[in-house]
Amino acid sequence: MKHLSRKIKLRLTALVLLLSTTIARAAAEVPPVNNDTNFKLDVNTVLTACAFLLLIVIFVLGSTLRSAIFFYHEKRKKESAASSSGAKLLSLIIATLLIATIPAMAQDATANNLQTSGPSTIKDAEVLRWVLYSVLSLEIIVIFLFTKMIRFFTGITTFKATSKKPPLFQIDFAKIWTRINKFKPIEEETSLDTGHSYDGIRELNNVTPPWFIAGFVLSILFAIIYLYRYHVAESAPLQIEEYNIAVAEAKVKQAEYLKKQANNVDENTVVLLGKDGVESGKALFATNCVACHGDKGQGGVGPNLTDNYWLHKGGIKDVFKSIKYGWQEKGMKSWKDDFSPNQIAQLASFVESLKGSNPPGGKEPQGDLYSEEAATTTKADTTKTNPEATK
Amino acid sequence: MELQKFYYDNKIPKLFAIACIFWGVIGMLVGVLIAFQLAFPVLNFGIEYTTFGRVRPIHTNAVIFAFVGNGIFTGVYYSLPRLLKTPMWSNALSKIHFWGWQLIIVAAALSLAMGYTSGKEYAELEWPIDIAITLIWVAFGINIFGTILTRRERHLYVAIWFFIASWVTIAMLHIVNSFELPVSFMKSYSWYAGVQDALVQWWYGHNAVAFFLTTPYLGLMYYFLPKAAGRPVYSYKLSIVHFWSLIFLYIWAGPHHLLYTALPDWAQSLGTAFSIMLLLPSWGGMLNGLFTLRGAWDKVREDPVLKFFVVAVTCYGMATFEGPMLSLKNVNAISHYSDWTIAHVHIGALGWNGFLTFGMMYWLIPKLFDTKLYSKKLAATHFWIGTLGIILYAIPMYWAAFRSYFMLSAFTPEGQLQYQFIDVVQTVVPFYVLRALGGTLYLAGVLIMVYNLIKTAKQGSFVATEAAEAAPLTKQYVAPAKAHWHSFIERKPITLLVLSLIVVGIGGLVEMVPTFLIKSNIPTLSSVKPYTPLELQGRDIYISEGCYNCHSQMIRPFRYEVARYGDYSKAGEFVYDHPFQWGSKRTGPDLAREGGKYPDSWHFNHMIEPVSMSPGSIMPTYPWLYEKQIDIASTKSKIYAMRKLGVPYPKNYEAVANDDLKKQADGIVENLRKDKINIKSDKQIIALIAYLQRLGKDIKAEQSSSTKTQ
Numbered sequence: 001m002k003h004l005s006r007k008i009k010l011r012l013t014a015l016v017l018l019l020s021t022t023i024a025r026a027a028a029e030v031p032p033v034n035n036d037t038n039f040k041l042d043v044n045t046v047l048t049a050c051a052f053l054l055l056i057v058i059f060v061l062g063s064t065l066r067s068a069i070f071f072y073h074e075k076r077k078k079e080s081a082a083s084s085s086g087a088k089l090l091s092l093i094i095a096t097l098l099i100a101t102i103p104a105m106a107q108d109a110t111a112n113n114l115q116t117s118g119p120s121t122i123k124d125a126e127v128l129r130w131v132l133y134s135v136l137s138l139e140i141i142v143i144f145l146f147t148k149m150i151r152f153f154t155g156i157t158t159f160k161a162t163s164k165k166p167p168l169f170q171i172d173f174a175k176i177w178t179r180i181n182k183f184k185p186i187e188e189e190t191s192l193d194t195g196h197s198y199d200g201i202r203e204l205n206n207v208t209p210p211w212f213i214a215g216f217v218l219s220i221l222f223a224i225i226y227l228y229r230y231h232v233a234e235s236a237p238l239q240i241e242e243y244n245i246a247v248a249e250a251k252v253k254q255a256e257y258l259k260k261q262a263n264n265v266d267e268n269t270v271v272l273l274g275k276d277g278v279e280s281g282k283a284l285f286a287t288n289c290v291a292c293h294g295d296k297g298q299g300g301v302g303p304n305l306t307d308n309y310w311l312h313k314g315g316i317k318d319v320f321k322s323i324k325y326g327w328q329e330k331g332m333k334s335w336k337d338d339f340s341p342n343q344i345a346q347l348a349s350f351v352e353s354l355k356g357s358n359p360p361g362g363k364e365p366q367g368d369l370y371s372e373e374a375a376t377t378t379k380a381d382t383t384k385t386n387p388e389a390t391k
Numbered sequence: 001m002e003l004q005k006f007y008y009d010n011k012i013p014k015l016f017a018i019a020c021i022f023w024g025v026i027g028m029l030v031g032v033l034i035a036f037q038l039a040f041p042v043l044n045f046g047i048e049y050t051t052f053g054r055v056r057p058i059h060t061n062a063v064i065f066a067f068v069g070n071g072i073f074t075g076v077y078y079s080l081p082r083l084l085k086t087p088m089w090s091n092a093l094s095k096i097h098f099w100g101w102q103l104i105i106v107a108a109a110l111s112l113a114m115g116y117t118s119g120k121e122y123a124e125l126e127w128p129i130d131i132a133i134t135l136i137w138v139a140f141g142i143n144i145f146g147t148i149l150t151r152r153e154r155h156l157y158v159a160i161w162f163f164i165a166s167w168v169t170i171a172m173l174h175i176v177n178s179f180e181l182p183v184s185f186m187k188s189y190s191w192y193a194g195v196q197d198a199l200v201q202w203w204y205g206h207n208a209v210a211f212f213l214t215t216p217y218l219g220l221m222y223y224f225l226p227k228a229a230g231r232p233v234y235s236y237k238l239s240i241v242h243f244w245s246l247i248f249l250y251i252w253a254g255p256h257h258l259l260y261t262a263l264p265d266w267a268q269s270l271g272t273a274f275s276i277m278l279l280l281p282s283w284g285g286m287l288n289g290l291f292t293l294r295g296a297w298d299k300v301r302e303d304p305v306l307k308f309f310v311v312a313v314t315c316y317g318m319a320t321f322e323g324p325m326l327s328l329k330n331v332n333a334i335s336h337y338s339d340w341t342i343a344h345v346h347i348g349a350l351g352w353n354g355f356l357t358f359g360m361m362y363w364l365i366p367k368l369f370d371t372k373l374y375s376k377k378l379a380a381t382h383f384w385i386g387t388l389g390i391i392l393y394a395i396p397m398y399w400a401a402f403r404s405y406f407m408l409s410a411f412t413p414e415g416q417l418q419y420q421f422i423d424v425v426q427t428v429v430p431f432y433v434l435r436a437l438g439g440t441l442y443l444a445g446v447l448i449m450v451y452n453l454i455k456t457a458k459q460g461s462f463v464a465t466e467a468a469e470a471a472p473l474t475k476q477y478v479a480p481a482k483a484h485w486h487s488f489i490e491r492k493p494i495t496l497l498v499l500s501l502i503v504v505g506i507g508g509l510v511e512m513v514p515t516f517l518i519k520s521n522i523p524t525l526s527s528v529k530p531y532t533p534l535e536l537q538g539r540d541i542y543i544s545e546g547c548y549n550c551h552s553q554m555i556r557p558f559r560y561e562v563a564r565y566g567d568y569s570k571a572g573e574f575v576y577d578h579p580f581q582w583g584s585k586r587t588g589p590d591l592a593r594e595g596g597k598y599p600d601s602w603h604f605n606h607m608i609e610p611v612s613m614s615p616g617s618i619m620p621t622y623p624w625l626y627e628k629q630i631d632i633a634s635t636k637s638k639i640y641a642m643r644k645l646g647v648p649y650p651k652n653y654e655a656v657a658n659d660d661l662k663k664q665a666d667g668i669v670e671n672l673r674k675d676k677i678n679i680k681s682d683k684q685i686i687a688l689i690a691y692l693q694r695l696g697k698d699i700k701a702e703q704s705s706s707t708k709t710q
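Top line first, the protein sequences correspond to chains A and B. When the letters of the first sequence are read in order and numbered with the working numbering, they come out as residues 1 to 391. When the letters of the second sequence are read in order and numbered with the working numbering, they come out as residues 1 to 710.
The following block holds chain A by itself, in its conformation from the complex (with noise of 0.2 Å):
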């Protein structure tokens, strides 16, 4: 009996470890804001983890549990010459039920868990994120619920022999409700009328629940602080001020994600990529930029990009900066938010693959004639026509 008592002790211990040390993980996990190839710990990782090592802890539980109401049962027997066989049964109702659930709970958390592992994109990953805190808090609750069964049926602790129904799962919760609302029985109800009937509706003089007013002043208070806090003491950030820490911020670990990457191009280092590169640019050219500049390149809103005319030189660097910055007054926008460096140089090399392809339809040339070895000789010029470049 001791030995046992000690066992589920140590288990409790280990238990509540493992809870506090996947609660500290998850809450120090920054949301995700990548899928990146690289493998990352992400939350939704770290939680599907968590609801399997809790599903373990579960199943552990489960089965001592089990054994415990075997061994509660078996004490039972020998002292029921003393006990109400109804008390008996209610508890064997109980454990049974208690048992039943196991295996279903355990079967709800593992479709969760599929549900989680399948092929998620970042769009639901928030989302997911959420369900997963829901199982998580409701094995959490589990497992409690368990613990708790399991003092009781080893003996740990004892219900109190006057209770006829255990009380530790039957919270009343009409009770508390009556209390907390301070309601009177409506038996009482004459004793509160107003007197008032207006049109044969009459009025109670019951009070404001507590809690009411209790909460309003608190969110007086809330209130206040909120205030103090934003613009009294200028503790908390106004949202320009937030706006600046997120860009700061993201600037940081935008530089130093770069570091790590090879796509750390610019329109100074740019040069034309393989054949990968260009089915790249490709792909991205026909849902990004055929719009304006036509399915094959031969031009529409935008000028024609097979031609040998262009508006703003037609090198790959001076392809990669005009996609990068764009040119604004001339309808061309600026994509370095909407694409990688990487991406860019895709684009620009898929680009530069059209030259001389002559789709049929083709617009009209605009700009002037382009060579590469002219460029190279007045390459001093283009970098001055264009405001964000020099930025």
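Derived from the structure by calculation, the hints contain no laboratory data. Some hints could be false.
Stated by the list, open to error - Under the rule of at most 20 Å between Cα atoms (straight-line distance), these lysine-lysine pairs were calculated in the PhoX-like manner:
#1 B:LYS700 / A:LYS336
#2 B:LYS492 / B:LYS237
#3 A:LYS330 / B:LYS676
#4 A:LYS333 / B:LYS237
#5 A:LYS330 / B:LYS674
#6 B:LYS227 / B:LYS299
Keeping the supplied structure of chain A fixed, place chain B upon it in accordance with the hints.
Positioned in the frame of chain A, the structure of chain B alone reads:
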């Protein structure tokens, strides 16, 4: 004291009830149409009168002012005489009110379809209709007060407090927000500009919800719920506390519609703080309603009227919990401009207003026709279909909102936006379909109700008047010694009116006066110039087509918005915007810095066939803009009106304004010709392109010049 005999009139409540249900069906039908339009743009039919931007205001106005409005009047004209033991003061005024209101609704629907709009949400109606509304509202007020002053009941019941406060506040909101300078018969410019216009508009918008959709309906709840349940109102004290706190706090909360915008920070914070304080006063109404049902819950299981009331009050509780949460900045960052807001208002509109109205009708119509409800079973079916409709409406919207937020704010590790706006649009389209189905279901329930009520009316016979008896009030009145202090106000209706006005006036004054008078709240930007005549004409087309229903012009200071749309918006950029066009929903992308993003020809092609420039777009087509001419005759008066409102056009500029207009239009035509597009310079599309190409340009010029000097 001798008893006096008098008669309650049932004809006016009956008329209002019919109007309420009729307009309700129309309003919801239009709602279902626009819900499907979002998923299937072809349902815009390419006709100006049926295009989303014009139809959506018809839906909102029909539901708010026609359905709920007539619902309020039904309840008031039925309950007020009975609560005061006197007939309505003037039957003529009642009739004027009824027919006047219906005429206003018809005029509203027609004018909105024709593109006459002031461009301010839920206050779109143009100035002649605004004046008509004011007159009818005053007639209603005179009738209410005439009745109150000739009453035979000393004290005013809580429902009447709510009616009085609603009446006076709506009057104040409508008049202040509708300050506008007429340009022509059906065109006016808002008196206020930019940030100030936004503040006034959302002070109005938020409190139209409060004092049109909420407080009058609380009044109805206080009458019909205890009546139907046969139970006394739970707590008189709670009524007093929640009435005064509710009307005082509600008015302050308007700026929570403008969080993270160019509205000064202090005003935003006030909006948030007061919204949080508003939670429990709102819940006071719910508690008093639900607790009144104590001891009658067995009835709720059987009586469809009470079922509707319970869900209505519960939805009220949910919506008023959600509201304060949405006004927290970090939650608002997600919800603003998204479908979350739409879901939130529909919990209120479908659940609270809709279900309370239905409950009231199921109770009232049998009473008016002295019979029993034709079929309880059909009413129960309506109840379940309606509830399901609400759920099916709301959940997809919530999901869509979160989905779009996570997509819109996603960055790749390289620091680029992960998704284009169009990707987001495409992923939410299936949710729009589900939402539309939810709405259809809800409407189906209403149609079942219509059938049930018609059958009920047919099996009974209409009771045109009901006789009643009561003693008149004596001149002298001595209050009993232990009377509640508040009963003093309850027997002084004018005091109650004045006190309510003072209480609701404070919040607006504290927020508006500094925003209008203190210059530092809206720092001026020297580069921001008035619109050219062509741009001004284009802007009026933008307003009249209701572009603001789907496109915002307000970039919030978030990294992902700045990356997507350009630098965040500044207060000084909007000083010439009469009215402001910040919008409240982004079904399409923000347009605050649209100028120069694409060539003129892009816009030309896009407006006639959006998917040609932006594959997957759900924007309607606007073919009529390529045929209709710019109304250049109005340029003169428009420039004149704008100068009156403080826009610094040079003296006598209106005389030459059309020359400038033509020059600019020719320039755009020339630009288009280079891209092989031929169109005449007098078409509306030219003006619209001019306006779109201007958006956000001023501040860009300033920034590039400042970078040059650095």
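Cross-check of the supplied hints:
1. B:LYS700 / A:LYS336: This hinted pair holds, its Cα atoms lying about 17 Å apart.
2. B:LYS492 / B:LYS237: Within the cut-off at roughly 18 Å; holds.
3. A:LYS330 / B:LYS676: holds, 16 Å
4. A:LYS333 / B:LYS237: violated, 63 Å
5. A:LYS330 / B:LYS674: Distance ~12 Å between LYS330 of chain A and LYS674 of chain B Cα, so the pair holds.
6. B:LYS227 / B:LYS299: Roughly 13 Å between the alpha carbons, so the hint for LYS227 of chain B and LYS299 of chain B holds.
This entry does not satisfy hint 4, going by the numbered hints stated previously; all others are met.
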